[in-house]
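As they're listed, the protein sequences go chains L and X. In case it helps, this note's numbering puts the first sequence at residues 990 to 1628. In case it helps, this note's numbering puts the second sequence at residues 65 to 315.
The set of hints was computed from the structure by calculation and includes no laboratory data. Ideal placement from N, C-alpha and C gives every residue a C-beta, glycine not left out. Just so you know, not all the hints are guaranteed correct.
What the hints assert, rightly or not - Below, simulated DSBU-like cross-link-like pairs (lysine-lysine); rule was C-alpha separation at most 30 Å, straight line:
| no. | chain 1 | residue 1 | chain 2 | residue 2 |
| --- | --- | --- | --- | --- |
| 1 | X | Lys82 | L | Lys1483 |
| 2 | X | Lys66 | L | Lys1494 |
| 3 | L | Lys1475 | X | Lys111 |
| 4 | L | Lys1486 | X | Lys66 |
| 5 | X | Lys66 | L | Lys1497 |
| 6 | X | Lys234 | L | Lys1372 |
| 7 | L | Lys1475 | X | Lys112 |
| 8 | X | Lys260 | L | Lys1493 |
| 9 | X | Lys75 | L | Lys1470 |
| 10 | L | Lys1457 | L | Lys1242 |
| 11 | L | Lys1372 | X | Lys66 |
| 12 | L | Lys1483 | X | Lys234 |
| 13 | L | Lys1486 | X | Lys111 |
| 14 | L | Lys991 | L | Lys1170 |
| 15 | X | Lys112 | L | Lys1497 |
| 16 | L | Lys1528 | X | Lys111 |
| 17 | X | Lys260 | L | Lys1170 |
| 18 | L | Lys1483 | X | Lys75 |
| 19 | L | Lys1483 | X | Lys260 |
| 20 | X | Lys78 | L | Lys1475 |
Said to hold, decoys possible - Residues of chain X placed beyond 12 Å of chain L at every Cβ, according to the derived structure:
| no. | residue |
| --- | --- |
| 21 | Glu99 |
| 22 | Thr281 |
| 23 | Arg299 |
| 24 | Ser308 |
Said to hold, decoys possible - Okay, the calculated beta carbon distance ranges per label pair:
| no. | chain 1 | residue 1 | chain 2 | residue 2 | range |
| --- | --- | --- | --- | --- | --- |
| 25 | L | Lys1470 | X | Ile88 | 37 to 43 Å |
| 26 | X | Pro202 | L | Asp1331 | 49 to 55 Å |
| 27 | X | Lys112 | L | Glu1581 | 35 to 41 Å |
| 28 | L | Leu1339 | X | Ile88 | 19 to 25 Å |
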Amino acid sequence: MKLDAKIPEGPLEEKWFNYKKTARLVNPANRKKLDVIVIGTGLAGSSLAASLGEMGYNVKSFCFQDTPRRAHSVAAQGGVNAAKNYKNDGDSIYRMFVDTLKGGDFRAREANVYRLAECSVNLIDQAVAQGVPFGREYGGYLNNRSFGGVQVSRTFYARGQTGQQLLLGTYQALMRQVNKKTVELYSSHEMLDLVLVDGKARGVIVRNLETGEIERHAAHAVVLATGGFGKIYYLSTLAMGCNGSAIWRAHKKGAFFASPSWTQIHPTSLPQSGDYQSKLTLMSESLRNDGRIWVPKNLNETRIANDIPEEERDYYLERRYPAFGNLAPRDISSRAAKERIDAGHGVGALKNAVYLDFSKAIREQGQAKIAEKYGNLFTMYEKITGINAYKEPMMISPAAHFSMGGLWVDYELMTTIPGLFALGEANFADHGANRLGANSLLQASVDGYFIAPYTIANYLADQIRIGKIATDHPAFEQAEKEVKEKLEHLLNIKGDKTVDYYHKKLGKLLYDYCGLARTKEGLEFAIEEIKKLRDEFYKNVHVPGTNETINSELEKAGRVADYLEIGTLMCYDALTRDESCGAHFREEYQTEEGEAARNDEKFQFISAWEWPGSLDQEPILNKEELTFEYVKPTIRSYK
Amino acid sequence: MKLNLKIWRQKDRKSQGKLVEYAIDNVNTHMSFLEMLDTLNEQLISKKEDPIEFDHDCREGICGQCGVVINGNAHGPLENTTTCQLHMREFKDGETILIEPFKAAGFPVKKDLKVDRSAFDRIISAGGYVSVNTGQAPEANTIPVSHETAEAAFDSAACIGCGACVATCKNGSAALFTSAKITQLALLPQSQQERKERALNMIVQMDEEGFGHCSNTEACEVECPQGISVLNIARMNYEYNRASFLKFKKK
């Protein structure tokens, strides 16, 4: 299939302007005839639902949590980028565009990335108007800080809880529309399937997680704003409920899945401490502004950090990447940490961590200043580890964090299924092979506030004559039947192993063979192993309880069943990309110095995978070639 | 460590609940409290028993979804800490731990340790926002906010909506939650136009949801994971009186 990204004509700076100028509109009187379903209430989902509600469409908003305010956007700490140039340090939309494109290792679309930088300016205005309490200078103007991968201060922040504050802003906008009855809210509901009528997205099947009831909901357009699937690694920085089920089930209905193997492994997570562990906690990357990263020069070092003299410490990021030092991008920093840990310089009980040291910053700026900037992170660190990081260095380790891949979407954020849109982390757009810090809150928000309201209207403009979509169409009946059968099947296996047992096994396989480093042999091995694990899961998993009540194990079982399929596709994706780029590091393709070696001649494309119809067949690869008119791909060097 | 657990089990909203005892013997001190419950659940599932349902999601102390009453304290023995950030090093080998759901008239139990906190959404929906439409907001720096005001607003905005304040209050009052939002928005210049209506509408909704009144025991501040100050409640009372008075004068 020929993939059409539908990038508008004209110079880069005018593409989005030109699109908006010519996009079709829906008359206000007609909007109430149109229904839109939005799955997910994070930054992307709730900002879109609120925006469409304001405009007068009928919106149904779904989330699996007990309230929309719990969406995992809430946990993002560090900040959100915007090219406001408030610091007068040379920032501009164009520079942000270049940084982002380069940070993504030239595996993102120019037009999308430019639009992201362009809309970043409006997002700060929007959030401030909603009462988001961003950090301020004493004169009352907004403050910034810098983040990994850039050399200007363009990151806006609300202490270490920027995600929470942005989310509360958009959650409040959503609840305002709920009160006005333009948005109908369904919390504790999980999407289990997408319904297509005549090839178009026309609705969803959801499960009421409290009663087990399976419900049908119809609409003129369906939007997936469900976040990423990094929890597939089991140990990750994501919330326990984050999953890939909605996008995977849409994929099985025909939506292409792009770049599934590009998962960001974040460098500043707390290290794993034991087998019982359910997740890894992220420490904000902003800590790298003042913290210095090092490991002991000696192998098998037994002294505690504070007893190791300066000359016996290896500040490996500052040594290898002098221009960016501790602020090197996430993929570079994560791999450098893994390299040192694998070489035997790791610290901590399991020797799986590196130090993040604030002693110099505390000496120079005083503890009070550091506490003002990062106090809540130091408190959180002490709660989890029992260690006071003002007195001794933190220990950090790489952990799975963000899915750069997701459903393939065109410039309008529409998938290959007409009427099905994917926003924020659920789509693949904008980030490329790597995401720079403080760009994820941005992408989710601008997709929902500023982009999708235009592009969805453009699609809905010719849907006004359709009338209400009925939920008694055979397609709904069929989808509901299949969902029910799947749930019954999981409940009836009645084996001996828990759902988590399989999830942990899958996570370990993926981390070892499709994680920070990959090889051809490793990926081929993992594909076979995941197949075996999937077979065993369907023979031997035990899902207790029934479908007619709250049943967390049943919810997890459905998600892990999907992960067992997504995992295979991740490996295929990594296997076909014979190069190293961004988060994807194939050991066969590296420079003599151990840096990633990209191959633009052969791999300057987006891999968009097509569901082959069954798990017995190999997924079908479609390519969207990338062209770079404005920024010539260069080797990413942070030295 | 070995522990004896007494856990509230309740089939659904309508059923009568009861305390059930469980013994667990492979507890590591570095585990979080929720990982201890995960471990217990793995054992229960292996024995083909129904696991214990509890609320949780981010496990980073920020989503606000987790929360149980541990030995009589909302979120357990540590001050200003969510249940997910509580670790087993706070407990002693052989200890008996009582685990119950957040109990309040405004929070019906859904199952086991899960409660329904949707009343909080309805309080926000009644006015806890700035009525600005999306897309055309004015340039952010055109409305300066002093550093101190922004920080004070943040202190109130930091509420994670977990409901520990309600669970720990002898009156089951939602005053701390509601007042935090009212205070955040009352401090900021962006939201002065709706200040009166917001205070009145949110407080009316809070009362309609069945939450009790604040009688200034200040227990909420002690249990609040974000250390939200009871001064917010004083501020809410001021905002309510101000709004009532101004409304009265208008007529």
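Consistency of the hints with the structure:
no. : hint                               : in the structure
1   : Lys82/X <-> Lys1483/L              : holds, 27 Å
2   : Lys66/X <-> Lys1494/L              : holds, 27 Å
3   : Lys1475/L <-> Lys111/X             : holds, 24 Å
4   : Lys1486/L <-> Lys66/X              : holds, 24 Å
5   : Lys66/X <-> Lys1497/L              : holds, 29 Å
6   : Lys234/X <-> Lys1372/L             : holds, 28 Å
7   : Lys1475/L <-> Lys112/X             : holds, 21 Å
8   : Lys260/X <-> Lys1493/L             : violated, 52 Å
9   : Lys75/X <-> Lys1470/L              : holds, 27 Å
10  : Lys1457/L <-> Lys1242/L            : holds, 22 Å
11  : Lys1372/L <-> Lys66/X              : holds, 22 Å
12  : Lys1483/L <-> Lys234/X             : violated, 44 Å
13  : Lys1486/L <-> Lys111/X             : holds, 11 Å
14  : Lys991/L <-> Lys1170/L             : violated, 41 Å
15  : Lys112/X <-> Lys1497/L             : holds, 26 Å
16  : Lys1528/L <-> Lys111/X             : holds, 18 Å
17  : Lys260/X <-> Lys1170/L             : holds, 22 Å
18  : Lys1483/L <-> Lys75/X              : holds, 21 Å
19  : Lys1483/L <-> Lys260/X             : violated, 58 Å
20  : Lys78/X <-> Lys1475/L              : holds, 29 Å
21  : Glu99                              : violated, 5 Å
22  : Thr281                             : holds, 25 Å
23  : Arg299                             : holds, 15 Å
24  : Ser308                             : holds, 22 Å
25  : Lys1470/L <-> Ile88/X: 37 to 43 Å  : holds, 41 Å
26  : Pro202/X <-> Asp1331/L: 49 to 55 Å : holds, 52 Å
27  : Lys112/X <-> Glu1581/L: 35 to 41 Å : violated, 57 Å
28  : Leu1339/L <-> Ile88/X: 19 to 25 Å  : holds, 24 Å
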